[in-house]
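Residue-level listing of the chains:
There are 2 protein chains.
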Amino acid sequence: MYIIGELINGMYKNVARAIAERDKTFVQSLAQLQVEAGAAALDLSCGPLSRSPLDDMLWLIDVVQDSVQVSLSLDTTKLNIMEEGLKRLRKNGIINSTSADLERLEAYLPLANKYNASLIALTMDKKGVPQDKDRRLELAAFILDVAQRNGLSPSSIFLDPILMPINVAQNQLFGILEALRDFKLLSDPAPKTVVGLSNISQGAKDRRLINRTFLTMAQGFGLDSAILDPLDEALMESLIAGELILNKTIYCADFVAAYRKSKRI
Amino acid sequence: MYIIGELINGMYKNVARAIAERDKTFVQSLAQLQVEAGAAALDLSCGPLSRSPLDDMLWLIDVVQDSVQVSLSLDTTKLNIMEEGLKRLRKNGIINSTSADLERLEAYLPLANKYNASLIALTMDKKGVPQDKDRRLELAAFILDVAQRNGLSPSSIFLDPILMPINVAQNQLFGILEALRDFKLLSDPAPKTVVGLSNISQGAKDRRLINRTFLTMAQGFGLDSAILDPLDEALMESLIAGELILNKTIYCADFVAAYRKSKRI
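From first to last, the protein sequence lines are chains A and B.
Residue 305 in my numbering is what sits at position 214 of the first sequence, and the numbering runs on without skipping anything.
Residue 354 in my numbering is what sits at position 263 of the second sequence, and the numbering runs on without skipping anything.
Keep in mind the hints are simulated off the structure, nothing from the lab.
Everything numeric in this text was worked out from a predicted model, so none of it was measured.
You can trust all of the hints, since none of them are fake.
Partial list, computed: chain B residues near chain A (C-beta under 7 Å):
1) Gln-261
2) Phe-265
3) Ser-329
4) Ala-332
5) Ile-336
6) Ala-344
Once the Cα atoms are required to be at most 30 Å apart in a straight line, the calculated DSS-like pairs of lysine-lysine come out as:
7) A:Lys-296 - B:Lys-352
8) B:Lys-224 - A:Lys-275
9) B:Lys-275 - A:Lys-275
All residues carry an ideal CB built from backbone N, CA and C; glycine is no exception.
Whole structure, please, built from the sequences with the hints as guidance.
Right, dumping it as structure tokens:
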């Protein structure tokens, strides 16, 4: 599982404060903790309250890159911030995100090519989020088709079926699991798949239980990557046990400790 | 999920003692606790140390039936004990178990018919436990074929792919998950599926983590039933969250408490 740490996000008050006050120590500590817990990449978002989102994003990128060596996922809806950010990266990055709308795809695909970045593509368009698996597959196929015409390999695309909150769209969740499995069949090489895990439990009780249970099921359906909180220990233990059951890490008696040790820098 | 409680088993020392000393209170309390925790059926096994296995099984059946109203799964390899036990049941029972060997099937299928019992059928034969999914499917198809010729509906059969310990056969586990899914396609009406959950973690550390992670994945692959420890609270919470994600129970804010309440007698 390719883990993208979600915690450096200005929608959290303490992160918004750290960005506003240029509190480098706080942000770097959050970066290091996530990487030590197993994150292979870190998502960076200035959040909705940022007054100077371009400056804030560039500051975040610099500060985090000075602290850890992992890939960064740039989470912004502004095309110019995305490009300025990509220019600043020292390793190949992740564009988070495009939708299946043609004009957005045609704006972001060239950026992915130019900066050797991966691209998270949400299977939604102007009509909104799909209500069923078939529509998700249709939009995924469209994304891969446009990507191919723009010269980006499917293996650089993370298809995101858009995980819906369980208290809003409980009846869609199995279709989302099936979409994760079926996305992989749409092209050769196969695209990658990703979910924003915490979406499923928005507004619910027992959020961590719902998150880790869905993640385990999604692992069974072949999920490649998730944007999640790597500091949630029970979640990480589930994830490690899931990898073990799927034979993706070798069993040993102390498998949780061994996995953690293997991820330490 | 149809939960079969596993705790009344003479392989546990305290249960062996209770059986030997005819400690009714101990056994009835174990029955009640499991049912209150969500078990829809209880497995009864006298264990390997039983000196008078027929008497012990009949005593267990009587004592448990006087205490709870659920179905009983009779776990014995002796045909005569199975039949005497089935005669004694006040509700339809479960025969645990037959293999795919023709002579065993031809002995147990008539019993299932005669006593309106369900039949747990292990996909193994004299050659041993299969090493891959295809052989499991082959044996499952054979079981269903013999069952049909003996007039037992597939819906009365619980196919058990035989869950292997993760420290012995890690590379078989995904095939076992796929077998659980594919068994359902072998007949119409579909057979039911079951696993003996704790097998997966025999001899491993972090047994409960491995058990619940596998159970969640198996739920995603359509597992109908499991023989498990319903007193393992983290396991039951995973199971409840899994049912919720699969839209098998209706979401409400207090879903764990609500599920538990709905199962109380």
